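Q: Chain residues, written in single-letter form:
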Amino acid sequence: NAGVMQNPRHLVRRRGQEARLRCSPMKGHSHVYWYRQLPEEGLKFMVYLQKENIIDESGMPKERFSAEFPKEGPSILRIQQVVRGDSAAYFCASSPQGRNTEAFFGQGTRLTVV
Amino acid sequence: GNSVTQMEGPVTLSEEAFLTINCTYTATGYPSLFWYVQYPGEGLQLLLKATKADDKGSNKGFEATYRKETTSFHLEKGSVQVSDSAVYFCALSMDSNYQLIWGAGTKLIIKP
Numbered sequence: 001n002a003g004v005m006q007n008p009r010h011l012v013r014r015r016g017q018e019a020r021l022r023c024s025p026m027k028g029h030s031h032v033y034w035y036r037q038l039p040e041e042g043l044k045f046m047v048y049l050q051k052e053n054i055i056d057e058s059g060m061p062k063e064r065f066s067a068e069f070p071k072e073g074p075s076i077l078r079i080q081q082v083v084r085g086d087s088a089a090y091f092c093a094s095s096p097q098g099r100n101t102e103a104f105f106g107q108g109t110r111l112t113v114v
Numbered sequence: 001g002n003s004v005t006q007m008e009g010p011v012t013l014s015e016e017a018f019l020t021i022n023c024t025y026t027a028t029g030y031p032s033l034f035w036y037v038q039y040p041g042e043g044l045q046l047l048l049k050a051t052k053a054d055d056k057g058s059n060k061g062f063e064a065t066y067r068k069e070t071t072s073f074h075l076e077k078g079s080v081q082v083s084d085s086a087v088y089f090c091a092l093s094m095d096s097n098y099q100l101i102w103g104a105g106t107k108l109i110i111k112p
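For the record, the sequence lines run as chains A and B.
Note that the first sequence covers residues 1 to 114 in our numbering.
Note that the second sequence covers residues 1 to 112 in our numbering.
Everything labelled a hint here was simulated from the structure, so no lab data went into it.
Treat the hints with care, as some may be off.
Derived lysine-lysine pairs resembling DSS-like cross-links, with alpha carbons at most 27 Å apart [what the hints assert, rightly or not]: (1) A:K27 x B:K49; (2) A:K44 x A:K71; (3) A:K44 x B:K111; (4) B:K107 x A:K44; (5) B:K52 x A:K44; (6) B:K68 x A:K44; (7) B:K56 x A:K71.
This structure is a prediction, so every number in the text was calculated from the model and none was measured.
Could you build all of it, start to finish, from the sequences and the hints given here?
A: Okay, structure coming up:
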């Protein structure tokens with residue numbers, strides 16, 4: 001059973017471009033969480049999704065950021081018109097139930113905006 | 001609001017030394033508490049957890065006890081190895097909320 005798979009591992013974007021981060025949850029997991037880790041800081045919750053539904057996006061910036069988890073395929077975190085402040089590590093976690101006590105994390109995508 | 005505070009790093013120790021990484025929390029209610037570890041270049045792995053007061057979580061020689069009276073969940077290991085070098089995160093989760101709330105992380109460096 002493969003773990004949570006995130007790709008790409010590293011992503012470099014110029015200011016103003018779009019960044020698309022992908023997360024394939026563990027088999028049998030229908031709950032996905034995205035976190036952002038800024039340099040020298042802990043992780044901050046961004047969004048919680050179930051298949052085809054956004055359950056809680058209270059941690060998402062109001063503009064430029066969006067997330068989806070379609071019926072088929074991976075969850076996508078999309079950042080439009082990236083700025084230098086978006087440079088961070090983005091982690092995805094998945095769980096079989098809607099409780100973080102059983103969340104498994106991917107290796108993260110490190111986004112660098114130049 | 002709910003929060004987690006960890007001791008600042010880096011913490012540098014010699015191999016076989018005793019390790020303590022302090023973690024205290026603020027929460028309205030009774031959280032579950034976790035320690036995660038992030039090895040260089042890798043993702044986060046759950047190290048141990050405790051879901052109620054006085055519970056002790058343990059794994060790979062690491063231990064932490066949920067202390068309600070001091071709102072603490074300090075991580076300890078009796079004899080560290082070079083392979084324990086990593087960043088350690090303390091986190092909490094409220095039963096009523098699925099979000100994990102994280103400390104800033106403590107970098108641990110073990111020298112041979």
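Q: Next step is simple, just say for each hint if it's right about the structure.
A: To see whether the hints hold, each was checked on the structure:
no.	hint	result
1	A:K27 x B:K49	23 Å, holds
2	A:K44 x A:K71	26 Å, holds
3	A:K44 x B:K111	31 Å, violated
4	B:K107 x A:K44	18 Å, holds
5	B:K52 x A:K44	24 Å, holds
6	B:K68 x A:K44	24 Å, holds
7	B:K56 x A:K71	39 Å, violated
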